Amino acid sequence: MSQRNDPHSDAPELESELQAAVWAVLSKPLDADAVARVKARATNAQDEHSRDPINLSAQDADQRTISSNHRPASKYTVTLPAPFATKSFLAKCLALATGIVVIVGTAFMLHSPESLYAEAIDQLRAARSFTYITHIYTEGNTKPSETKTMVAEDGRRRMELAGGTISISDSSSRVRLVLISDAKRALVYDQDIPQPKLPKHDQLAWLENLKAHGDKPDKELGTKLLDGRSAEGFVAKQGQYAYTMWIDTESKKLLQVEHEMFAKGTSITKVVMTDFRFNEPLDESLFSFNAPAGYTVQKQRPTPKVAGGEESIIEALRGYTKRSAGKFPKSITEWGDWAVLFSADSKDGQPNEEATKVLAHLGSILPFLVSRSKDDYQYLGAGKFLNDEHCIVFWYRTEGEKYRAIYNDLSVSDVERKDLP
Amino acid sequence: MPNEQSPDWGQVVERHAERVFRIAFRILGSVHDAEDVSQVVFTEAVKMHAAGPVQSWTGLFVRLATLRAIDLSRRRRRTVELGEGDRVSSVGPPEEAVGAELAAWLRKAANELPEQQAAIFSLIYFEQLGRDEVAAILAISPETVSTALYKARQRLMSQISVFNGER
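Chains A and B are the protein sequences, given in the same order. Everything in the first sequence is counted per the working numbering, starting at 1 for the first residue and increasing by one. Everything in the second sequence is counted per the working numbering, starting at 1 for the first residue and increasing by one.
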């Protein structure tokens with residue numbers, strides 16, 4: 001049993017997968033507002049107790065020991081851990097998905113029926129640099145995670161995620177730098193090595209589609225109060241995508257854009273964009289591809305080119321089942337299983353070349369699915385194995401009434417609708 | 001000079017609130033739930049403060065926060081969910097999503113351990129306390145801590161194996 005190099009702990013080193021999970025838990029910063037609320041309520045707890053004093057019985061006194069199985073606590077001195085310092089393994093954990101760049105397009109078409117709408121659209125069309133906040137809502141959680149996005153005039157993009165990770169992309173939407181703030185670690189993606197061109201559906205595709213489209217919404221929602229401001233709502237549709245927009249009736253500024261998740265099999269239920277700021281000066285340093293001073297730099301293996309689409313689904317599943325004794329993953333759009341499984345392949349914080357390729361295939365799946373209606377595909381591999389009786393693990397509609405099916409032996413064929421599960 | 005046994009309540013809160021919240025948050029993964037547990041912990045603690053000197057506020061709060069958070073987690077009987085502190089966008093850097101899923105898995109698995117193992121694992125790896133410190137907090141022997149920790153690690157590793165289909 002080895003010892004950690006931590007003067008405050010003599011706990012054994014964990015196996016790599018478990019260590020990765022521990023650091024994933026530790027990587028989340030505390031919510032300072034929540035701590036302040038705890039302090040406020042705790043302080044009031046004494047006042048409330050004073051107003052309604054409780055005469056402690058002998059039983060209550062015993063509660064000091066918390067559990068009847070525990071002896072009363074003896075006085076001792078606890079050396080408090082320093083404000084937690086993450087370690088390089090955090091970077092290793094977060095670097096496991098090297099090679100995956102998943103850009104989900106949010107095509108956005110706006111129509112402008114009236115001057116209010118038209119002015120908001122014009123503002124978007126005239127935008128050169130801009131910032132906004134994306135709120136991601138997921139099943140079972142009322143509070144969303146938030147990402148702040150900043151876009152420079154030349155198209156470089158900076159995303160600041162809730163966990164303290166910052167990603168900076170070039171004007172072609174290729175990630176160039178990932179900063180892990182807690183660990184002071186910088187993951188650098190080589191600019192000189194040709195990177196695969198990303199799928200057409202980019203997070204900012206909505207803006208380009210807006211500029212190219214007409215000026216009438218599909219539906220008007222009327223007026224409501226939004227964050228204390230009078231806002232008029234509209235729904236705009238483009239193919240299978242539907243966006244709800246709210247525009248400030250006084251300032252005529254865009255207040256909020258909302259849409260559901262465009263792919264099945266994820267836990268995301270709703271995406272809301274707010275706090276739009278257009279053409280405000282943005283410091284050049286925000287978009288630098290150079291690691292800040294004090295950061296440990298780790299060069300990342302370049303993202304391999306992958307075919308995308310059906311081929312990538314097959315190769316991703318092949319790579320997964322190779323490591324899982326033939327068992328298919330629960331999902332091809334939620335990456336938890338993949339993270340745990342591929343963590344065993346990491347060395348010095350990066351997966352090996354073969355694993356990187358598999359993860360690149362995985363990363364290309366979501367854009368492929370987002371480009372389709374949710375009714376036009378289905379992943380059925382959860383709980384299935386390679387050596388099960390011949391069955392379909394994934395199907396999708398190609399065009400018209402033509403379908404393709406991937407089987408549990410990773411073969412693929414054309415099928416008819418009636419043959420689908 | 002106030003001693004640790006009979007400090008001003010405000011000082012107690014100021015000194016221990018962040019730790020209580022942190023412990024609960026690491027175990028539960030939810031800011032909302034961590035606040036609820038913190039409220040319970042301080043409500044219990046204020047009764048004790050009113051009843052007389054507390055021998056060790058640090059030990060009391062660490063123990064209460066850990067056990068109450070584990071209690072809440074078991075009552076919720078969550079499946080592998082992400083706390084709102086974990087949820088990230090699948091449209092952002094995948095590294096973030098990977099970490100979030102790992103954190104959710106570990107919280108669920110750790111909170112399903114026997115209570116003592118869950119508490120010890122959380123205090124050792126989430127709160128980064130030493131074996132002797134944990135032993136004093138939970139009023140058990142350091143050897144018991146080591147044994148329980150070993151069992152917890154073995155069980156968690158086997159769960160990862162099951163998770164990966166390596167049975």
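None of these hints come from the bench; they were simulated from the model. Just so we're clear, the structure is a prediction, and the values are computed from it rather than from any experiment. Just so you know, not all the hints are guaranteed correct.
Derived BS3-like pairs (lysine-lysine); straight-line CA-CA distance at most 27 Å [claimed, not checked]:
(1) B/Lys108 x A/Lys384
(2) B/Lys47 x A/Lys143
(3) A/Lys270 x A/Lys143
(4) A/Lys374 x A/Lys219
(5) A/Lys270 x B/Lys47
(6) A/Lys143 x A/Lys264
(7) A/Lys237 x A/Lys384
(8) B/Lys108 x A/Lys330
(9) A/Lys264 x B/Lys47
(10) A/Lys237 x A/Lys253
(11) A/Lys252 x A/Lys237
(12) A/Lys39 x B/Lys47
(13) A/Lys143 x A/Lys216
Hint by hint, here is what the structure shows:
The suggested pairing of B/Lys108 with A/Lys384 holds, with an alpha-carbon distance near 24 Å, which does not exceed 27 Å. The straight-line distance between the Cα atoms of B/Lys47 and A/Lys143 is roughly 32 Å, outside the 27 Å bound, and the hint therefore fails. With a CA separation close to 11 Å, the supplied pair A/Lys270 and A/Lys143 stays within the 27 Å bound. Our distance criterion of 27 Å between C-alpha atoms is met by A/Lys374 and A/Lys219, whose separation comes to about 22 Å.
At most 27 Å may separate the alpha-carbon atoms for a hinted pair to count; A/Lys270 and B/Lys47 exceed this at roughly 43 Å. Between A/Lys143 and A/Lys264, the direct Cα distance comes to roughly 21 Å. Compliance with the 27 Å bound is thereby established for this hinted pair. Restraint check: the Cα-Cα separation between A/Lys237 and A/Lys384 comes to about 37 Å, which exceeds 27 Å; the hinted pair is violated. For the hint linking B/Lys108 to A/Lys330, the alpha-carbon distance of about 17 Å falls within 27 Å, and the restraint holds.
Taking the CA atoms of A/Lys264 and B/Lys47, the gap is about 50 Å. The hint is violated against a cut of 27 Å. For the suggested pair A/Lys237 and A/Lys253, the alpha carbons sit about 20 Å apart, so the restraint of at most 27 Å is met. For the suggested pair A/Lys252 and A/Lys237, the alpha carbons sit about 21 Å apart, so the restraint of at most 27 Å is met. For the proposed pair A/Lys39 and B/Lys47, the alpha carbon gap of about 17 Å is at most 27 Å, so the pair holds.
In summary, the hint linking A/Lys143 to A/Lys216 is not supported, as the alpha carbons are separated by about 33 Å, beyond the 27 Å threshold.
The structure does not agree with the numbered hints 2, 5, 7, 9, 13 stated previously, though it agrees with the rest.
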